[in-house]
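Protein chains in written order, with the numbering used here: chain A, 594 to 1193; chain B, 594 to 1193.
Everything labelled a hint here was simulated from the structure, so no lab data went into it.
Any given hint could be a false lead.
One copy or two, either will do: identical chains are not told apart, so a pair holds if it fits within one copy or between any two.
Claimed, not checked - Here are the simulated EDC-like pairs of lysine to aspartate or glutamate, each with C-alpha atoms no more than 16 Å apart in a straight line: (1) K673 / E783; (2) K740 / E691; (3) K929 / D833; (4) K1148 / E1191; (5) K929 / D766.
Please read all numbers here as calculations on a predicted model, not as lab measurements.
Letter by letter, the chains look like this.
Number of protein chains: 2
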Amino acid sequence: MPRYTAPVRDTRFIIEKVIGLDRYAELPAFATASPEIVNAVLDEGGKFVAEQLFPLNQSGDQQGCKRNDDGSVTTPEGFKEAYKAFVEGGWMTLGAPEEFGGQNMPHIVSTAFEEYLISANMAFAMYPGLTKGAVAALLAHGSQELKEKYLPKMVSGEWTGTMNLTEPQCGTDLGLIKTKAEPQADGSYEITGTKIFISAGEHDMADNIIHLVLAKTPGAPDSSKGISLFVVPKFLVNDDGSIGERNGVSCGSIEHKMGIHGNATCVLNYDGAKGWLVGEEMKGLAAMFVMMNAARLGVGLQGLGIAEVAFQNAVQYANDRRQGRALTGPKDPEEKADTLFVHPDVRRMLMESKAQIEGLRALCLWGGLQVDLSHDAGDEEARELADDLVGLLTPVIKGYGTDLGYKVATDCQQVYGGHGYIAEWGMEQYVRDARIAMIYEGTNGVQAMDLVGRKLARKGGRAVQAFFKQVAGEIAEAKKDEKLAEFAGKLEKALGDMQASTMWLAANGMKNPNDAGAAAYPFMEMTGVVAIGLMWLRMATAAQGSLGEDGADTKFLETKLVTARYYADRILPRTASLRAQVEAGSDSIMALEPEAFEAA
Amino acid sequence: MPRYTAPVRDTRFIIEKVIGLDRYAELPAFATASPEIVNAVLDEGGKFVAEQLFPLNQSGDQQGCKRNDDGSVTTPEGFKEAYKAFVEGGWMTLGAPEEFGGQNMPHIVSTAFEEYLISANMAFAMYPGLTKGAVAALLAHGSQELKEKYLPKMVSGEWTGTMNLTEPQCGTDLGLIKTKAEPQADGSYEITGTKIFISAGEHDMADNIIHLVLAKTPGAPDSSKGISLFVVPKFLVNDDGSIGERNGVSCGSIEHKMGIHGNATCVLNYDGAKGWLVGEEMKGLAAMFVMMNAARLGVGLQGLGIAEVAFQNAVQYANDRRQGRALTGPKDPEEKADTLFVHPDVRRMLMESKAQIEGLRALCLWGGLQVDLSHDAGDEEARELADDLVGLLTPVIKGYGTDLGYKVATDCQQVYGGHGYIAEWGMEQYVRDARIAMIYEGTNGVQAMDLVGRKLARKGGRAVQAFFKQVAGEIAEAKKDEKLAEFAGKLEKALGDMQASTMWLAANGMKNPNDAGAAAYPFMEMTGVVAIGLMWLRMATAAQGSLGEDGADTKFLETKLVTARYYADRILPRTASLRAQVEAGSDSIMALEPEAFEAA
């Protein structure tokens, strides 16, 4: 019953009119991304996921993954065939380097496609998503030998990848890892230990699974400084590239969880499995962070992707379902009731969702662009700026973006009334699926701490100052245009709240680290409000600028302007109370002892 | 693995110190509620639900209800036996009138107990909860004959009750009801139609189920003005009170839903079932509203109950789980890591939950008190004031209270990190269960419209003015006490936002009803923030006043004061941005046509 259409028109508007991809055409990273190719990727990719993957989303949730007695895992009906089509269509290779069989497309383009992929089927999207992260880690830190051995088949998607960090006793605090890696005479290691919550850890869709595993070598410090990263294939790979014998890693069980049932979340038991060091010994955390940062942007996209598909369905329901009358008098007097769409509170939920989704989409695409520019911008200064922005925005896109995903999914479920709670309508699945994105790849609280504890302070606050400069500059420019001045004024106020909060953090966070910790979450949210506010300023500017053009989609552009006004009226003012929360400090948060929280 | 202890200490503090139940001892409604009896109810009731019902909560979710081929429904293992114990313990009869076998306890006491019942097992609590609503409707509108026939066994709990409003084509808009009631020669009616989403609609726990059903008599207007209310027993009841033949109502299917799996949500088919009119013909909606208003307060309690049990578990996990180090240096250097409890962002979630839960508990109990006073206060003026406050607060307790329940459950799940997403830990169930409370008994958007569209304007705004007067009076009093002045000042600011928003609504809502509709939700939230703020002012005042007393629980009282400070620092300031949302009007919300929401 649910539906999905890739929002290609909006993606194109952002890429072409807001970001103006053609401005970067001369950079090597964008050589493959001509407008024709980008449009083909969006159109065909959108069609592929809507036709092949979306129909498996609900059945995948209902069936879930099944661990068989021999430890193998069967994915839901149709997943295996759809994955084959996905690989054959080359969709896995979009952003990967040509050297290993990739299409070398810039991040901004693969980001656009991945949003669609997630909307269509988040549980499915995680299989290639984790592979992509593993590829990134091997690319950045693997030896040439390891790269040549594993990357071609991972880039093509014939083999999938995983990230193995968590153990029963350790999640966020990776220093507590117990998995051991014993060096062998042949240069390999024997890996022994138990990993939990391993997404896509075992399944029947690919010929091999390449696990990237954090473990400790003998004598390594018992802290995060003693961690090394290993590649551990499910099947050993012979020198000729063919599949060899089964390695000592097996799926002990799969978790029963709230959502993403189509993805196998495994307990993996390593029992003297053969592994090879990736990068340097005891530098595993840094290597894993490459993977995690890519993954965090990908998880932020999950917030966006789920929000979009939930929204599309809520819109349809609001137009189909008739209940009650418009407050201003019957809209459709010939019918027994008007559509839900006439009710201001239903419209509030739809407008809120629309404004957050389109703003978040622009932010994710802009984030993708910064990743590209951080590698390939023309000069060092521009590369540094882009790298600073990626660092600053990653925890915001992940943390704030996934909070929005859950909020939008919940609101869109609310539009359905009682039917929203019933499985067959599909909306409750979106809420359950969206929920995990706030938790994994570092909880959103961890993202907030990353933002406030690391990213703000890095290099003397260079990143946040650059961000402020950019926002303030664009506000000043917009204020000259009477059609944008009101929006710019409201964004300026929000920016002022964020700047004041940053000052407050600078003044208090060092003296009392708990003040920084207590302020982190509202600060992250405020940064999200301002960053998406900047996106809306840009979208409004672009829409205003395009209105007179030949062949302009006037209705679409006017809709952008209305939605920007909604953002300015109803969302930007939220920074005021977030600032009050930041400035409240940590006293009342940290005052109580554990006993004070007991019921009796 | 989850745990639950009834928070009797906090309930007693509110009843004894904040509300001061002894002040009402002379009123007939409170004759049965001596401190000894109230404490016995809380202690024994808390123990009963924790020991008998809580252990069935998780298994009930996992097993769910099953419809058998003959249309009967089997509840999860243990439910039937537990329900028998519940009835035998007399827990059903607490608030019911003595005339029909009840204990005549005031609402405030049954409210306190029902919170515990919900915390222990929300799906179970719905069976007696719906019975209670059906009892209320029969008491208010049933003939003496109907009362005598049905009430004794419903009050005891031997028979359960249901509310039958929704049909496939009609939820909020009851005017669309199609179910027909044909009058018969013997004074009964034949009821024919399909009802959906009927909670506790069919099950194996009671000898009979008494359905209260909305239907239309021949020739009745095809609108909400044509609706009548009927009582339709599952089994006809003979004149001697014994169970007679099966009536023509059957369960067609049970819904697969997001949560509350232990409660059977049924499609009920009425096929010429025998029913009897409750109250007057075509006055069914008014009669049903008695039931719905009671039910709405009960649903608000579901927000509280789920929040409390989720919170207790998050506290335990935060104390048990070790991960990372305190920002201010290791707290437990002898351990490999500190507990989650040391992290300010974890503490933020716990403090936020604590402040909202305890405030909401006070509000629910105060609401229960107002229900009592609306019937039994000494003079007409006091009864009217209480009735006004019940009217004003009911949509807030339901709408804002259940939003808080979902938010707290989500935050407490978040404390668990990855384990929060795994079914066996129990936290994800709380989120799924909490979600329905925002939807049923009128969605929270409907509550907001009820508040703004009906309750604000009623009798020239008398209720909200009385509320303002009460809050302002207590602020003025508190400002004289230097220990309370800061809190009072912040509450005053929040009250000012609410007053300004009310003025804005008065000035704009009549001219443009869509402005009222667009403002309704943030206005409801703001009212919730202020109402719970008033509760915290009272709790802080009571705590301050009790600190010096003999035998005072000093730690508990000091904890109250810290939590009040948290509320003032971090929650009260939220009214500023809610006010901005109210005052933004409806222009940007209502400007777009349906087409503007389409993806392509």
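Hint check:
1. K673 / E783: Intra 31 Å, inter 54 Å, cutoff 16 Å: neither.
2. K740 / E691: Within one copy, since 13 Å is at most 16 Å while 81 Å is not.
3. K929 / D833: For K929 and D833, the Cα distance exceeds 16 Å both inside one copy (71 Å) and across copies (45 Å).
4. K1148 / E1191: Intra 57 Å, inter 11 Å, cutoff 16 Å: inter-copy only.
5. K929 / D766: between (59 Å within a copy, 10 Å between copies)
When the structure is compared with the earlier hints, violations turn up for hints 1, 3 and for no others.
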